[in-house]
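Residue numbers (my numbering), protein chains in the order written: chain A, 1 to 600; chain B, 1 to 311; chain C, 1 to 556.
Derived from the structure by calculation, the hints contain no laboratory data.
Note that this is a predicted model, so its numbers are computed, not measured.
Chain B stretches covered by chain C per the calculated footprint, using a threshold of three residues with CB under 8 Å from any CB of chain C:
1. 155-169
2. 190-203
3. 263-270
Simulated crosslink set (PhoX-like; lysine-lysine; CA at most 20 Å straight-line):
4. K555/A - K596/A
5. K555/A - K131/B
6. K426/C - K125/C
7. K78/B - K383/A
8. K78/B - K41/B
9. K233/C - K221/C
Built from N, CA and C at the ideal position, the CB exists for glycine as well.
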Amino acid sequence: MDLKVNSSVATRDERDAVDSVLGKPTQYTQGGQRFEQDLRVSRAGEALRNLRHMLLPTLHAVNDRIGWISRGSINYIAQQLDIAPAEIYGVASFYALFSTTERTMRQVHVCIDLACRAMGGLREDQLPEGTHPSPCLGTCERAPAVLVIEAGNPARHEVLAPATPVQITALAKGAWPDAEATVVSATPQVATDSKNLVLLGRIGKVDPLSISDYQEHGGFDALRKAMQLGATGVIDEVNASGLVGRGGAAFQTGRKWGAVAGQPAFPHYAICNADESEPGTFKDRVIMEGDPFALVEAMIIASFATGCEQGFIYLRGEYPRAIRNVQNAIDESTKHGFLGANILGSGFNFALSIVRGAGAYICGEETAIFNSIEGYRGEPRNKPPFPVEVGVFGKPTLVNNVETLVNVLSIVKDGGAAYAALGTEGSKGRKLFCLSGAVAKPGVYEVEFGITLRQLIELGGGMRNGSTLQAILLGGAAGGFVGPSDLDLPLTMEATRAAGSSLGSGVVMVLDQSVDMVDQLRRIAAFFRDESCGQCVPCRVGTVRQEEIVSRLAKGVQAQDIELLRELGTVMRDASICGLGQTANSAIDSAINKLKVFAQ
Amino acid sequence: MSTQVTTGLQVRRSVQLTIDDQSVTVAEGETILSACRTMGKEIPTLCYGDTITPKNACRVCMVEVEGSRVLVPSCSRKVEPGMVVRTDTERTDHSRKLVLELLGSSVDLSLTKNVARWNTEYGSEPTRFGKPAAPTNHRDEATTGHHHVADGSSVSNVLQPVKIDNELYIRDYSKCIMCYQCVDACGEQWQNTFAIGVAGRGFDIRISTEFNVDLTDSACVYCGNCIQVCPTGALMFTSEHNMRDAGTWKEEEQTQTDTICPYCGVGCALTLHVQDNEIVKVSSPSDHSVTHGNLCIKGRFGFQHVQNRAE
Amino acid sequence: MVGLATVFGAGGGTSSYQEVETTDLIVMWGSNARNAHPIYFQHVLKGIHNGAKMYSVDPRRSETAQWADLWLGLNVGSDVALSNTIAREIIHAGLTNRSFIENSTSGFAEYAASVEEWTLEAGSKVTGVPGEAIRELAHALGNAKTAQICWTLGITEHHNGVDNVLSLINLALLCGHIGRPGAGLSPLRGQNNVQGGGDMGALPNKLPGFQDVEDDAARTKFENMWNVTIPSKNGWNLTQMFEAMEHGKMKSAFVIGENPAQSEADGAHATALLKNLDHLVVQDIFLTKTAELADVVLPGSASWCEADGTVTNSERRVQRVRKAITPPGNAHDDIQIILDLAALMGHSWKYDSSEHVWNELRSLSPMHFGMTYARLADLGGIQWPCFSEDTLEPSYLHGRLWAQKLEDRGRLAPFSVVIDSPPVEKTTPEFPLRLTTGRRLDSYNTGVQSGGFQSPLRMAETIDMSPEDAVSMGIVDGEIVRITSPRGTVDAPARIDDGLRPGLVFMTPHFPDEVDTNLLTIEAIDPKSGTAEFKAAAVRIDKISKSDIRVPVAGE
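All chains, full assembly: derive it from the sequences and hints.
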């Protein structure tokens, strides 16, 4: 295109960072040197437009190396990718992990979200200099958590949890955290009940970086079985299992697979939604850190069944260890012939890569993921058309959550019927719960559907010493609160729905008497305001008004404010484009109606 | 002699659906909104424009569709056979009322057509959220994903100074409802210049050049196609802005005359807005096959040579 | 127009703007439509987004070229060489549309023989474009289901402009890219009513509706209507008129809405000839440089906003212009001025409106017959031909060439043997740089209209040069330099443009009062079209000291 870039020029480091993703420019017009041939021919057009999906990785490369994204680097990216600077700026400024203003190489992201603040973490107004607030870092079992990023070549990313204020201050001043606690610390059942675990079965037993270890523990058996069953056979088993999506929306997985497989348009794409950002959720992180090959194997099976030759794992940028381990699993699997051309001699080809998120809760929305992968702002798309027909790059696309996918391994190995025999009539199979807050042993728990809240808390060692239950948040910020009287609620889709709540992503956050519920509600409101993409009015303005009203209620309860909140909740639920806006009021609404938080 | 009409015409099947208990038949591919319009039903719209693919961002045109858990944007949802639509239920009215209030409490809608009437019709009171916060000139510096936690004492809004950085048009983003139309017109849907984009996130979302540089440092080519599609007066000819400031803008006294641009041989359709024998603004008919409402700098702003008159 | 009329019998673009949105291949040849025809380029962009490939052929890597899948930067004036090379490659690769050539064209064998010498190597040597790039464009043309070949003044403003057009038509004929939806030839007109002027008979050899002056039957029809005798021989085109002035054969002129003192190549010469006339009448909305030379100036009205009438655009669409404002002072409607002149000369012409004039035209020009004012308004203009008041014709011309029966195909389209002919003025050690000219986005022709508004984009006139030339001559961006051609000298600031290669410099005609570019350009005329070779002069650039900068006087 007829690009116009201003006179700001990228530094050598910035150019190197861009080139590390895109390669050195081959033409003068793309920012390269001017050679004889550039005087007579140039190429732009479709060849460059097809590179748009490289924008997000390129922005990451600059942000990683330099710490922020300057005008000079945006100009250089503009030339390399033939995208206007204003467009690139729009994308870069969408993500919270990027900065378009100069900042220090060291960024200390302190989690101020629900579980951390319930566990004595710092609030936004208590942060030491040189740090800044972060939404939930998905390390709730070791709350409070901090993510440190040091730009450079290579950039370093590390999580410290739990983190004391003294440690946080030290990080801001240049200290570096010790190695993170092992993954197995997040799965207390492994120590006591290891043999009954399936989804978490390998965690703590295998080296997550070793493909041979994985294979010795049943790894890739399911893939071999899947290839015997054939694509239709696999979909039949998944259908028979009754598995539904574990990301929150609970759509039937088999039906989705069948729909994608049957689409006449090609290519098909598979996306693993690993943008786990719902406050209080950390199960996908634990799987990716502790058993990353399982996710890779499940992606291969899903893609085999649905006819996808390319897959993406859209992985949260705040999960450095998960990124490292999954990347290793992809590399090793490729090396051993489980990814690439003609997998296991079946004639099936499949390429898998990670797309690293850059700090945007909304990108966990299944259509926002598409825009993000394609190099656009991560704004949700209108539905219909649905992803199975028109998804990423405008093609039929399978989107599944991490937990959903790893369930498929046992379904394929042991048959759908065996899986369906587990759980209840309305909620079949196994489920991971993210138990956090005031329990003795917070962590990810694998259970058969059907146990009650009380049983789950007991599985987690009961309430922490000296704690009295005040409330439980089910399903995260987009879910709802229940009270001590709900402890016998079975943790099934049907029972929670009947109780006016939702399992969502499996969050069970236990809040004791020390927790300031109004503070929790203000944080929920602030969270949605920060994370709204801003596209539609009910969510963009509604989340702001909601926060303002909750803040007002915190100072003094007025009946008309309660009514305003109710009206806001209705318009957000009825008229928002996507699930973020539609659920932005649900936890607050439940706190007011069930827990009577603002009762006069 | 041939009687064939233009090429590429496809025969479209018709679709029967029910809107507010009335059966209606429209062509396949039509939207619920266009079906309503053929029935003479008014559905309020703000972000919808007839030359831009619907973004359905404002959510004021929501209707109920049987079988749908949430309301449905009528501007973009295509009709389906047997669809049962309701346009005036408690839910749709509530939704419109609240959307008008949310926008009205955060944006200056004084030049947005029909808003006053709709506020009355739906009982919207944008002031009921509280006292508006003072205008700020820091909206372009927002940090994505962070905001100062609201204390509830005032109501956040987008009020800010007018951006005046060139002779031809001004940008008054206090009036911007984020309909995305200017960005789409500047971008892939028409002009393909991409001088402006959507920047930031959430309530800090804004229309911006790269790093908020002045238009004169941006890729802007002053085609004014953004002004053409702006539904709120946020983008405006400098001539109109100045006349409004001086109190001399009299739209009711203006005439609008369609003609053809005097410059190159493309033959773009112009609508000349004339007040007191002066061209005060140029637009272009959105349904014209040559222009679809779009012009270049010469067609949009190059009219002064007929009225640079010696006093 | 001459080239298209020669081959197809109608001097108009064969396609419609909307067809470029659905075509497979777009070739922008000698056209920077992105700047010069921005709204046409929006249709091109729709095509590109719909999956069309776009190739740009232009000496400069223009704004248009920057959108191209492939830009071919040929030497100025080597268009015939390039197109002949493409043709040979298409033929040798077996990519011609054989049945179309056989059924609908004539002269293929002779043409094929004439391009045989143009191997990729030979073509590359003359055009400067790598053979591989030529091959790619040839194969794209040969393989496309439909292609649009678009051009502008980069093709026509040469001493062999008509041959250039013919050479592009040859390519369309080779592949059958004509007479089908999405396939055709689109010349983009430089002015808003160039097409309409031709339609209305403002050509020395045509009556309205492209009816030949030398066709007795056509002439008789007009003579009966007008009750006068029309000269039975073709008249002079503009170039021939200037020649006639030079030889004293033309002694007076009535110029309406033209500024030849500034718009003609070798402006100084044109001005001298105009000064020499016995009597010069100029009808214009401004006191132009030409009007300043006139014995009588008739203040007209701005046709697009101070008067009613019609214009025709580059897709043959006749559209209404309407009066929106009243012209100032003593300015009159142009129709009224003509009527008044007629009355003073003893003729009482009765036309009470522009529609009245138009309806007379409709009665005389079958291709306009179906275009009533009411229909023009309802349909947003109508493309010619439009033979009846209740039908419309296909949006493309020459579908007849694809007819099943030979008798329905009309005159078969002839291939034209065209010979490479480099620019008249060679570069020499004394004038080593090739000067070419073109438009900027916000300005227009001699700036009479576009000078009226303030544009944030506007730069004053510059001499654009490659970074390499600037370095080798020690010139910095913005430095005022002296540009000299065999005909004249102007001073202008240098502007470094990396869309130019060494040896190629660029200027516009937009600011003749400050920098009269046409003092430099060469009056080498294409005898068939009367268009001058604005696109190729030879110049030298000299550094000058500040005190030496001269303020040019136009017509000096």
